[in-house]
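Protein sequences, first through last, are from chains A and B.
The first sequence finishes on residue 451 if you use the numbering used here, and the numbering steps up by one all the way, no holes.
The second sequence finishes on residue 1451 if you use the numbering used here, and the numbering steps up by one all the way, no holes.
Honestly, the hints are just simulated from the structure, not real lab data.
Distance condition first, Cα-Cα at most 25 Å in a straight line; then the derived SDA-like pairs of lysine to any residue: (1) A/K88 - A/L107; (2) B/K1088 - B/D1067; (3) B/K1423 - A/F174; (4) B/K1260 - A/V345; (5) B/K1148 - B/P1025; (6) A/K260 - B/H1320; (7) A/K148 - B/G1415; (8) B/K1151 - A/I383; (9) A/K148 - A/E281; (10) B/K1088 - B/R1039; (11) B/K1148 - A/S386; (12) B/K1151 - A/G415; (13) A/K148 - B/S1386; (14) B/K1088 - B/G1119; (15) B/K1088 - B/E1117; (16) A/K148 - B/D1357; (17) A/K260 - A/S271; (18) B/K1148 - A/Q354; (19) A/K151 - B/I1413.
Each chain, letter by letter, is given below.
There are 2 protein chains.
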Amino acid sequence: MNPLDCLFKPRSVALVGASADEGRPGCVVFRNLRAFRGRFYPVNPHRTEIDGVPVYASVCDLPETVDLSVILRPAPEVPELLAAHAGKARCAAIVSAGFAETGSESLQREVVRLGRELGIRLLGPNCLGVFSPYQRLDTLFLPRERLKRPKKGNAAVVSQSGALLLCLLEALAFSGRGVSWGINYGNAADIDAADIYDYLAEERGTGVVISYLESVADGRRFVAAAERLAERKPLLILKAGKGESGQRAACSHTGRLAGKYEVFSSIMRQSGIREVSDFEELLDAGHALAVQRPSRGNRIGIVTNAGGLGVLAADECARHGIELPPLPEAVRQRLHENLPPFYSVANPIDLTGQVRDVEYLTALDSIRDEYDGFLVIAHTGVIGLSLRLAELLSAFRAVSGKPLVAHLTSGGITGGLAGRLEKAGIPVYPSPERAVRGLRLLLNNGEAPWG
Amino acid sequence: MNPLDCLFKPRSVALVGASADEGRPGCVVFRNLRAFRGRFYPVNPHRTEIDGVPVYASVCDLPETVDLSVILRPAPEVPELLAAHAGKARCAAIVSAGFAETGSESLQREVVRLGRELGIRLLGPNCLGVFSPYQRLDTLFLPRERLKRPKKGNAAVVSQSGALLLCLLEALAFSGRGVSWGINYGNAADIDAADIYDYLAEERGTGVVISYLESVADGRRFVAAAERLAERKPLLILKAGKGESGQRAACSHTGRLAGKYEVFSSIMRQSGIREVSDFEELLDAGHALAVQRPSRGNRIGIVTNAGGLGVLAADECARHGIELPPLPEAVRQRLHENLPPFYSVANPIDLTGQVRDVEYLTALDSIRDEYDGFLVIAHTGVIGLSLRLAELLSAFRAVSGKPLVAHLTSGGITGGLAGRLEKAGIPVYPSPERAVRGLRLLLNNGEAPWG
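Model the full assembly from the supplied sequences, consistent with the hints where possible.
Now the structure itself:
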């Protein structure tokens, strides 16, 4: 048993600050936690029940030592409330803001001291806590009609910023993707990114970790944990606060100096941790890594039915150092014999607007052993394409076992086709360049240790 | 009257190769052109009518000289068909493929010679022709159930590649945006990008031109026309075939050498033509320029309610050389007096999750004269935001007259809010970085001549 199981997989949860007042955070979280799979104890000195659930006046009255206590009361009350947790909780998520991030350093130090003294691990303060669809654990104080939650999946989302955690979870939910956990560690007074990475490295239900951060307090500790995690499974990091103005913005956001970005970035690269450059790429790459295993090489083949989209993809490959080697002569010969003469047999292979479903498979099969990964581009408006294309691509993917992503243009049969491809573990992207950026992190150009 | 009105605003159109056979291009275009606002003459020697519309055996039999004849017959038939157009057409769009792009240079030369001899301007060959929702002119041979068409708008889409024209039109249609024209010039044997740019420079209904190209035959001519256009209205160019592999791909796609990209790019920059780097940016920037006038400066203010998203936007500004100057001290003082103390009064201004609608206006009003453009970021899941925010931002935009774009996170009230903002001419983007890239081309960092 891992000591942080009390945070990630609690069997019992208390909510200090449970409320019956519609719209208040204590009411939102109360409602979320009613669905929790374990035992749930609301705490509020002024109530004996809320919506029929018995309420405890104090954590002292709880019938057991809970794994996790969620504290949702104003910052000045927190030390006294935490002191009352002696022997009653293994971990506390302090949602309350108003600690170091607003200059109240001493209040935060007091809370850290108390936690140590009582043997209670602390998440936060100034954090949203944790979301897990598997445990039905949800401490996010935004109601479901305001924030759609993602379904079950194997991607863990780890964010220093609360708002970014919400944005990432929402974006995942809206694109139909799932998570194992979403966690926001806020001021990281005790539990920090390194602790969370270490936990997720061991945890089998998590296949990929996507992480947003602005600053790191203990760089050496962070890098060591990130390296340990990246040896076990893909770790994607979006580091904000890069340029001068970005660093200034990050500083006024978290109150910590972000440090020289170039140094951070170079350490990440040396450690095999994949850095992404923006919000969409974090999601796009996270999606690819959630459904496919990375490949060992860096050479890809592109099959398209729209020449121009193939050229744009080739441009994007060049930007990222992905190789697009020409087809071997024997393969060219074979394809020339099996495809109409006006198709362009090169890399990209351009099957033109005359393409029929099966020709994608003909092309892919002929280059299966030549490349380390594949990008399929389909302008789905053409007459010769049908939903059968999804079957053929899934079959190819099953046989090749190599990374395969797709870009489909909007409209036509795209909706149905994309759904089927996604179901078969083939990520679909809305532009040729985003498909390449998704595929990029499935390739190994000698930097990443996993594979 | 402009000589190319016969292509862009024809009063009469002939379709050579009209067909009644479901699924054939000649049938698809026949159906599209039945909705054409002018006079329409299908031509087919084997029919006297299709769906009740009288069909002419030959263009010789047409009752008038048509402005535009669309030729949809196999390449080898085209010279003879074109010869029959003597005195019967001012312009011909040769949709047929099988000319220079497949090595049949002499066939193409023959067609060009004929066009000159007969005084008929030619679009193509190997092109999709032209789409205009205003004229209900639609020569695209993909049926509407396979390719959604955009509504009326003021953006003209000019593409060397047919498939890219389709992809761009489709993407615009799916995001609810409109076009004045979509045109694909294919092999450009006669009418080329330069002719089209010159026409659009004069044409009042077009406010922005977005153009995809892979190669240019006469560089000097192209640059001169692009410069003339860019002096009148924003011209956005996506040049594909940049790197070595991209150039190889472009070459096998169009059969022309793409030329050294760096040279092209540097000429564009010197000429004040805005180059975009990928498919989505072409659409994103085109959208911004379709609804707002560019500003003269390069200094922006950001107002957010999610610190992290503000930091990501600041990072993207740094990448593009957009300045994010700190707030003047007097403005800081004023905001400190008018906003809760825990809001971060800097640039970005962070209104936090506690924000209420009206505070966005408070913040924006206070910095209205300080910056050349504004980015509003809203995590819409928070309780204090409502659809009223759209009204307030629209009012601010009306008063300031400066560029203003928005990023809204997914979910919550975003759908309703985004619709209202778009209606008020405020483009909404799905990530903070894409919002910056949209705003970027509304700013003037000394490169662009328009404004």
